[in-house]
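Chains A and B, in that order, give the protein sequences.
Just so we're aligned, residue 1 is where the first sequence starts under full-length UniProt numbering, counting upward by one.
Just so we're aligned, residue 1 is where the second sequence starts under full-length UniProt numbering, counting upward by one.
Treat the hints as calculated values from the structure; they're not laboratory data.
All of these numbers come straight from a predicted model, not from anything done at the bench.
Each hint can be trusted.
These stretches of chain A come out as covered by chain B in the derived footprint (C-beta under 8 Å, 3 or more residues):
id, segment
1, 70–84
2, 97–106
Sample of chain B residues with no beta-carbon within 10 Å of chain A, all distances over it, derived:
id, residue
3, R61
4, V86
5, N156
6, L167
7, T187
All C-beta atoms, glycine included, are put in the ideal place defined by N, C-alpha and C.
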Amino acid sequence: MSYVSIRNLRKFYGTFEALRGIDLDIAKGEVVCIIGPSGSGKSTLIRCINRLEDFDPASEIRVDGIPVVPGRSLAKVRAEVGMVFQGFNLFPHLSVRDNVMLAPRRVRGTSRAEAGKLADRLLARVGIAEQADKYPQHLSGGQQQRVAIARALAMEPQVLLFDEPTSALDPEMVGEVLDVMKALAHTGVTMIVVTHEMGFARQVADRVIFMDGGEVIETGTPAALLETPTEPRTRNFLGAVLNH
Amino acid sequence: MDLFDTFLNVAVLRRSLPMLLDGLWLTLQLGAASIVAGLILGLFVALLGLYAVKPVRLLMRLYIDIFRSIPLLVLLIVVYYALPFVGLRLTSFASAMAALTLVSGAYTAEIFRAGIQAIPHGQFEASAALGLNQRQTMVDVILPQAVRIVIPPLTNNAINVIKDTALASVVAMPDLLKQATQAQALTANPSPLIGAALIYIAFLWPLVLFVSYLERRYHGGRRA
Numbered sequence: 001m002s003y004v005s006i007r008n009l010r011k012f013y014g015t016f017e018a019l020r021g022i023d024l025d026i027a028k029g030e031v032v033c034i035i036g037p038s039g040s041g042k043s044t045l046i047r048c049i050n051r052l053e054d055f056d057p058a059s060e061i062r063v064d065g066i067p068v069v070p071g072r073s074l075a076k077v078r079a080e081v082g083m084v085f086q087g088f089n090l091f092p093h094l095s096v097r098d099n100v101m102l103a104p105r106r107v108r109g110t111s112r113a114e115a116g117k118l119a120d121r122l123l124a125r126v127g128i129a130e131q132a133d134k135y136p137q138h139l140s141g142g143q144q145q146r147v148a149i150a151r152a153l154a155m156e157p158q159v160l161l162f163d164e165p166t167s168a169l170d171p172e173m174v175g176e177v178l179d180v181m182k183a184l185a186h187t188g189v190t191m192i193v194v195t196h197e198m199g200f201a202r203q204v205a206d207r208v209i210f211m212d213g214g215e216v217i218e219t220g221t222p223a224a225l226l227e228t229p230t231e232p233r234t235r236n237f238l239g240a241v242l243n244h
Numbered sequence: 001m002d003l004f005d006t007f008l009n010v011a012v013l014r015r016s017l018p019m020l021l022d023g024l025w026l027t028l029q030l031g032a033a034s035i036v037a038g039l040i041l042g043l044f045v046a047l048l049g050l051y052a053v054k055p056v057r058l059l060m061r062l063y064i065d066i067f068r069s070i071p072l073l074v075l076l077i078v079v080y081y082a083l084p085f086v087g088l089r090l091t092s093f094a095s096a097m098a099a100l101t102l103v104s105g106a107y108t109a110e111i112f113r114a115g116i117q118a119i120p121h122g123q124f125e126a127s128a129a130l131g132l133n134q135r136q137t138m139v140d141v142i143l144p145q146a147v148r149i150v151i152p153p154l155t156n157n158a159i160n161v162i163k164d165t166a167l168a169s170v171v172a173m174p175d176l177l178k179q180a181t182q183a184q185a186l187t188a189n190p191s192p193l194i195g196a197a198l199i200y201i202a203f204l205w206p207l208v209l210f211v212s213y214l215e216r217r218y219h220g221g222r223r224a
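With the rest of the complex left out, here is chain A (with noise of 0.2 Å):
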């Protein structure tokens, strides 16, 4: 039973076709590495399962069964899927707890005591309780990128997006975002994660997606698609990224 079903999506800037009819069924639970080489069009996928981008009216996408159309089941969507961005988007006016604070109290109208102690919960649980106070400019890239899967985490989401979720960080602070991933991965919520990290991929995703062009060229279990490619698109990228 799909939780997130993809059907023959399509989206165009301009003339210019970006996905090119996409068929994708994720499980409850599933997590999914999206990999591929840059303008291949996997970004652009995920941000239309939440439709922070259009796409072609013909496309269907539905998540828990409810369409993503615009209106009012689109709040309902969002209100199930997360998102983490590769540029955080953290609320640089607010504390790390009001960050993670905000949606809860707006969207769902929880009091600010119980907010809070939420707030409070998930920092904790991502490492950086003690930051709470603190506004995110103050803290590293890595701490920063950790408030916003907290602030993801916050309107309990089904699905988690993550967008290329350590390309902007210093190499030395991918490790402590990756471990906080792999640590979700065990939790049971379902994860679509773009992502150039195959280590992380080879170790924690249930199936390896590759992309290029806007189209799914390959999927597979991380071993297969990995280690035993069949399209040489992918054997072509995975020898690029791999062999340096």
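Fit chain B to the given chain A structure using the hints.
Same frame as chain A, but now just chain B:
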């Protein structure tokens, strides 16, 4: 000292001071009311101009362009002397406030628009992904950040509004300038005019310094 007796005659200044203070009080009331009304108007025009349906957006653009083009004195005279012909008779205070608010609202709208557009797109995306609606995104995320950007240009605009209140004297409003010219006529001495000029400077200089300070701090902060 003839020059002092003519331009800074202490006896004349002392006699006209109550009149000048009456005028100052009215000037400050008119300035404050127009600034606040212009802020509210400008914020709504900016939001409608950015996010409403296309015809409304065009209407807001039209409003902004027209009221930034029309000379304030012309607008004021139209409101005070022309509108009565269609049955709309406003007091001199209401006329002046209407004209100042309309023009200030147009400038303020442009300032808010620029401030909102200066907020990185990722802030809108993060808000949307968390499920905040458009109003919550504006109130909780975008405007608190935009306010910091728009304070220096808004203060500049406030200075202009206070200076422009002097135009209200042409529609017979007894503001600071009008009181000064009347005191000058009564005493046959220009000292009250100099007094009024000094009062304007005394009130506006600190604001000018405040803007410079904010701009220095803002640019310094960005470089850091």
